[in-house]
Amino acid sequence: MSDRSDAAARPRGIDPRGPRFAAGITALLLLVGVLLSLTGLSTAQTGFGWFAYQPLADAVLRPGVGWSIQSATIAQRALDPAFLLLLVIALLFLWGVLSPQTAPWGVLYRKVVQPRLKPSAELEDPRPPRFAQGVGLFVVTIGLVLHLAGVPWALPIAAAAAFVAAFLNAVFGLCLGCQLYLVLQRAGIIGRERPAAA
Amino acid sequence: MTLVNALIGIAVLLVATVSIGVFLQWRQSRPRRHIPHEIVQPARLGADGLGETATLLQFSTEMCSRCPGVHRTLAGLADGRDGVRHLDIDVTHRPDIAKHFHILQTPTTLVLDRNGAVQTRFGGVPTRDVLELELDRLTRETADV
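These protein sequence lines are chains A and B, in that order.
Using this note's numbering, read the first sequence as starting at 82 and increasing by one per residue.
Using this note's numbering, read the second sequence as starting at 248 and increasing by one per residue.
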């Protein structure tokens, strides 16, 4: 015997391998983003210019040594390659939240990958991957805003956090909605408006 | 930062991520027995009763992609055994229930004995074999009484 407390109509199911395929591509992009941000403006220190190699930079604390990003203009911060790549990733996350059916990696999966695989045994609810896209968008946006505000290390840390989630989703099947939803709800950040429903 | 340092950073990130994944997977499949053996009141969960031998009490949310699969496993187990009942409670809009049972991740599955006392807790996706063993044990205990 089996009961479900909430038998409300569910949205049409999706092939669960689609979101994991998309997470794999996202993880790869985010890893490139981490690499670009580590070698770019976000973590550069001033010496003789932005990308100057300083063999002994950590040996002697010279006066006047600081973060390049703090003396860069807004335009310079926005034109940093890592910033541009993470902006693209953020827009892709936004696309995935607003219109999951037309998001590029989902379309690529359905057009190219899915026809070559066996049909999926079970279709799954599209809401959990959408929630994960929203979390990704939130994390990457924080990194982008802090970077524009001149905070060093904002981009690599945000990109690394998003990478961990996307990689674990793609490789281990980790589901952010499973791990985070109730934690965020307990913290009072989401979904408290209907506490006594049902 | 030089390219070499950046690549070292990437390698550290990859190793750390894989470690987290392996750890999470290892922890998910382990049943926990040293927990408070609380008596569950079915009425508080909106259910009309519990199983005569055992109850598989699952907690799910709408944002949980693994819950439907666990639902199928548990429903299959309950269908194949007399006196075993499967209850799937959606706590998406019931933070009070989630808080009461200290649920921070879904699916979380509690195995209840014939009195409704919590015997075992699974955080994550339980393995079918371990569940079968739990149910065998509870069925024997009921038969002994």
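No lab work stands behind these hints, which were simulated from the structure alone.
The C-beta atom is built at its ideal place from N, Cα and C for all residues, glycine as well.
Treat the hints with care, since some could be wrong.
Quick list of the computed label-pair ranges, beta carbon to beta carbon [said to hold, decoys possible]:
hint : chain 1 : residue 1 : chain 2 : residue 2 : range
1    : B       : G323      : A       : L165      : 48 to 56 Å
2    : B       : S276      : A       : V169      : 49 to 57 Å
3    : B       : A258      : A       : I223      : 44 to 52 Å
4    : A       : P196      : B       : L380      : 39 to 47 Å
5    : A       : T222      : B       : T249      : 26 to 34 Å
6    : B       : R274      : A       : T222      : 42 to 50 Å
7    : A       : L198      : B       : A290      : 44 to 52 Å
8    : A       : L172      : B       : I267      : 37 to 45 Å
9    : A       : I223      : B       : I267      : 18 to 26 Å
10   : A       : L265      : B       : E379      : 52 to 60 Å
11   : A       : I106      : B       : W273      : 24 to 32 Å
12   : B       : E388      : A       : Q182      : 47 to 55 Å
Residues from chain A that keep clear of chain B, each with C-beta distances beyond 10 Å, as calculated [stated by the list, open to error]:
hint : residue
13   : R93
14   : L116
15   : G147
16   : P162
17   : L179
18   : F212
19   : V226
20   : G258
Computed list of chain A residues with no C-beta within reach of chain B, every gap over 12 Å [what the hints assert, rightly or not]:
hint : residue
21   : T183
22   : Q195
23   : P207
24   : F248
25   : G254
26   : L261
How the hints compare with the structure:
no., hint, verdict
1, B:G323 to A:L165: 48 to 56 Å, "holds (50 Å)"
2, B:S276 to A:V169: 49 to 57 Å, "violated (37 Å)"
3, B:A258 to A:I223: 44 to 52 Å, "violated (25 Å)"
4, A:P196 to B:L380: 39 to 47 Å, "holds (42 Å)"
5, A:T222 to B:T249: 26 to 34 Å, "holds (29 Å)"
6, B:R274 to A:T222: 42 to 50 Å, "violated (30 Å)"
7, A:L198 to B:A290: 44 to 52 Å, "holds (46 Å)"
8, A:L172 to B:I267: 37 to 45 Å, "violated (27 Å)"
9, A:I223 to B:I267: 18 to 26 Å, "holds (21 Å)"
10, A:L265 to B:E379: 52 to 60 Å, "violated (34 Å)"
11, A:I106 to B:W273: 24 to 32 Å, "holds (27 Å)"
12, B:E388 to A:Q182: 47 to 55 Å, "holds (50 Å)"
13, R93, "holds (14 Å)"
14, L116, "violated (6 Å)"
15, G147, "holds (15 Å)"
16, P162, "holds (13 Å)"
17, L179, "holds (17 Å)"
18, F212, "violated (4 Å)"
19, V226, "holds (22 Å)"
20, G258, "violated (3 Å)"
21, T183, "holds (20 Å)"
22, Q195, "holds (18 Å)"
23, P207, "violated (9 Å)"
24, F248, "violated (5 Å)"
25, G254, "violated (8 Å)"
26, L261, "violated (8 Å)"
Violated hints for the displayed structure, listed by number in ascending order: 2, 3, 6, 8, 10, 14, 18, 20, 23, 24, 25 and 26.
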